[in-house]
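**Student:** Construct the entire structure; sequences and hints are all you get.
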Amino acid sequence: MCGTPESRTQLPLASTAQHACSCCSPAAGTRIAAPAAAKPEVPASSAQYSLEGLTCGHCVRTVEQAVSGVSGVESAAVDLVPGGMSRLSVTGTADREALAEAVRSSGYVLAGAN
45 MCGTPESRTQ
55 LPLASTAQHA
65 CSCCSPAAGT
75 RIAAPAAAKP
85 EVPASSAQYS
95 LEGLTCGHCV
105 RTVEQAVSGV
115 SGVESAAVDL
125 VPGGMSRLSV
135 TGTADREALA
145 EAVRSSGYVL
155 AGAN
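Sequential numbering from 45 applies to the sequence shown in our numbering.
There may be inaccurate statements among the hints.
Stated by the list, open to error - DEER-style ranges, computed between Cβ atoms:
| # | residue 1 | residue 2 | range |
| --- | --- | --- | --- |
| 1 | V153 | S112 | 13 to 21 Å |
| 2 | P126 | A88 | 17 to 25 Å |
| 3 | R140 | Q109 | 17 to 25 Å |
| 4 | G127 | A88 | 26 to 34 Å |
| 5 | T137 | C100 | 25 to 33 Å |
Just so you know, these hints were derived from the structure itself, not from any lab. Just so it is clear, CB atoms sit at the ideal spot from N, CA and C, and this is done for glycine as well.
**Tutor:** Structure (structure tokens):
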């Protein structure tokens with residue numbers, strides 16, 4: 045209400061294992077699996093590359109799909125510059141040569157790649 049102090053009681057959170065409700069607790073007799081051991085992760089890096097030959101949105105989608113299929117790629121995005129050097133931004137652990145091959149196989153050129 046406007047202008048009146050609110051009086052709310054803060055309730056503690058209860059474990060679903062102790063206080064069961066039908067929507068979020070395990071069924072009777074069901075064992076809860078222990079969480080899997082965490083695998084050490086290699087930190088993802090972000091890199092940008094110049095692309096030659098892209099002229100439209102179809103070109104962009106073709107390159108993004110090809111690069112996204114490379115092992116180690118978490119995300120790939122192309123900033124289109126029609127008639128100029130477009131920019132490929134990649135997040136993940138894939139190496140440059142694998143990315144260059146994916147771009148080449150889609151019919152375009154990663155600038156500076158052999």
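**Student:** Each hint: holds or not?
**Tutor:** Going down the list of hints, with the structure as the test:
1. V153 <-> S112: 13 to 21 Å: holds, 18 Å
2. P126 <-> A88: 17 to 25 Å: violated, 30 Å
3. R140 <-> Q109: 17 to 25 Å: holds, 19 Å
4. G127 <-> A88: 26 to 34 Å: At roughly 32 Å between Cβ atoms, A88 and G127 fall inside 26 to 34 Å, so the hint holds.
5. T137 <-> C100: 25 to 33 Å: Check passed, 30 Å falls within 25 to 33 Å.
Checked against the numbered hints above, the structure breaks only hint 2 and satisfies the rest.
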